[in-house]
Amino acid sequence: MQIHPRAREYPDSQFSRPIRDESELTAGVKIEPGKSYGFFTDTTRCIGCKACEVACKEWNALPADSVGLTGMSYDNTGGLSASTWRHVAFIEKIGHGGGRATEMAPYQSNWLMMSDVCKHCHNAPCLEACPTGALFKTEFDTVVVQQDVCNGCGYCVPACPFGVIDVNLDDGKAHKCTLCYDRLKGGFEPACAKSCPTDSIQFGELAELHRRAAERVQELHRLGVESAYLYGTPGAPGATGGLEYLNAFFLLTDAPEVYNLPRAPTRASNRVMPSLLSGLATMAGFAVAAVALFAGASRNGR
Amino acid sequence: MADNIQTYYDHPQLKPAPFSWIVALYVYLAGLSGSSQMVATIADLFGGGRLRSLVRRGRYLSLVGTVIGPVLLIMDLHTPQRFYNMLRIFKATSPMSIGSYILSVFSVFSALTGGAQFIFDRAIRGPWRWIARIAQVPAAGAGGGMSVYTASLLASTSTPLWAASPGWMAVRFGSSSVASAGAALALGERWSGGRGYGRKLDALAVAALSVELYAAHLSQRDYQTKGVWGDREAAVWDSIDALGGYLPLALYTAGFFLGRRGRTLSEAASLATLVGGLAMRLAMQYAGQASASDPRTSLRFAQPENLPRAQS
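Listed in order, the protein sequences are those of chains H and A.
Residue numbers for the first sequence follow the working numbering, so the first one is 4 and each next one is one higher.
Residue numbers for the second sequence follow the working numbering, so the first one is 855 and each next one is one higher.
Please note that the accuracy of each hint is not assured.
[As the list claims (entries may be wrong)] With a cut-off of at most 35 Å between alpha-carbon atoms, the simulated DSBU-like pairs for lysine-lysine come out as follows:
#1 H:LYS96 / A:LYS945
#2 A:LYS1080 / A:LYS945
#3 A:LYS945 / H:LYS188
#4 A:LYS945 / H:LYS38
#5 A:LYS1080 / H:LYS140
#6 H:LYS60 / H:LYS188
#7 H:LYS33 / A:LYS945
#8 H:LYS96 / A:LYS1080
#9 A:LYS945 / H:LYS60
#10 H:LYS33 / H:LYS60
Derived from the structure by calculation, the hints contain no laboratory data.
Let the hints inform the model, and build the full structure from the sequences given.
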């Protein structure tokens, strides 16, 4: 990545005030309301350093989870939760299927690493399920919970097809990645993307990220990583069932299930009308039966 | 069907709904009181004035959902002091929102109907009977909604078991609600010494239980084809079918053939219907939450062959 010409205006190593439109210098994109922003997480570049997890916790003042070892790979986080909005998954390919791997694939040796995050779905099931309007689409086309509105009904939790959003039982509200809504408003790149040392997490305008991702897949195919594909772009796995596309999408090199991602998630609200209408039709049927029964009662009873 | 799906160290792929048993109890009471209101209203409008005791009991029974329902729902919120935010907006994509309004309409008109009935029963002069007769119509309509919207609530999630068979689950919930209402009102009729309409209500319960069993059978076919079916599920649903379906049906049949002497059997059938309805809702909730916590089930369910054809 080239250094932005404006960077020369800030030669100091310490700043007394925020840099205007800092994201232009760090991510090469100016953040403006009304445009679509997202994350492109390129797992072939991930080195599993978990800087994104730490940066997210720091910026969003999220508490630590259980401090301990899971005993499964280097992943001691486990998964996304109300207080963990970035989660680095580690999948060791050695020993899978009973036998040891005898050769190394290009990139990442035999480790797959992926920094998981809220997908900020285009048709977000959590948002569609939220009865209070606490979940909303921001001016940056991201999905955020308004903490002062959420009443902790928890209906967004089973609505999410990715198991992302969760209710924190300590404060009784639903929480998930905000795609650093506060930082975007101030012209800053989200904390995880800014801290990522390998640019595995890239923040930007969605159209530009799609273009960059398609190019990266081609490049990887050329380099011999034929298994590379996108997850969450229009028409790809992860963007199925009416979700259309995910604002936070991924480049993967193995089956989605290996990363704990659903291959064909669905939009829960598509089931509202089928279930409601068949239920009401059932009740209408029983109403007619009851009319017949009781009208008969009045005639025979006399 | 993709078997032997690889998981991520068996870590859950979905999060189960953070609902406690309170929600299952609400789903049950909402169906019982909603269907009672519907049955009572139809008995009042079409019964030719011969079913007064049934109408009165149905109206009082619907107050159970009116009074206890909202309390249960607020208890299950994780920030209960903000319960009023449920009516802050209306969202047609959210059965939780749709249901909040159904419950509100049902509560207001059921309270009006039941309240007017209560005053009328005390022989206080006034248009009480007519207030009840008018208010019962919207209450009965909302009561139909109360009986089934809870199925839509569960189905419109990503929880595999709930999402696998949205239509048949709604038929199950609706018919189970009607069966519960018929059973409860028949018990009321028999326990208060009335001998008029117990059989009619038994017939309604038998019809509803039969529909419920058939819908359960069809939903199980959906579960099997969509990969959310295993030994555990089979054991759970076989017991639920037996307890809440075949047992009361057998008791109703025996009670019918024994005539007057079968009264105890009919009462036992009503009780089994009521217990079975609650057991079915509890099983649906807990088995659903278990299906969400099991990554093999959820990853198998989220396969392209399970997508609705128009959207794949």
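Hinted pair LYS1080 of chain A and LYS140 of chain H, Cα distance within 35 Å
32 Å, holds
Would you mind confirming whether the straight-line C-alpha gap from LYS96 of chain H to LYS945 of chain A stays at or under 35 Å?
Violated: LYS96 of chain H and LYS945 of chain A sit about 45 Å apart, past 35 Å.
For LYS60 of chain H and LYS188 of chain H, compute the direct alpha-carbon distance and say whether it is at most 35 Å.
Judged against 35 Å, a Cα distance of about 19 Å means the pair holds.
For LYS33 of chain H and LYS60 of chain H, compute the direct alpha-carbon distance and say whether it is at most 35 Å.
24 Å, holds
Straight-line alpha-carbon gap LYS33 of chain H to LYS945 of chain A, limit 35 Å
34 Å, holds
Hinted pair, alpha-carbon criterion (35 Å max): LYS945 of chain A, LYS38 of chain H. Please report holds or violated.
Holds, at roughly 25 Å.
Would you check the hint for LYS96 of chain H and LYS1080 of chain A, treating anything up to 35 Å between C-alpha atoms as holding?
29 Å, holds
Given the hinted pair LYS945 of chain A and LYS188 of chain H, is their Cα-Cα distance within 35 Å?
Holds - the C-alpha atoms of LYS188 of chain H and LYS945 of chain A are around 27 Å apart, at most 35 Å.
For the pair supplied as a hint, LYS945 of chain A and LYS60 of chain H, is the alpha-carbon distance within the 35 Å limit?
Holds, at roughly 33 Å.
Is LYS1080 of chain A close enough to LYS945 of chain A, meaning Cα to Cα at most 35 Å?
The hint holds at about 29 Å.
Figure legend: structure checked against the earlier numbered hints; the only hint not met is number 1.
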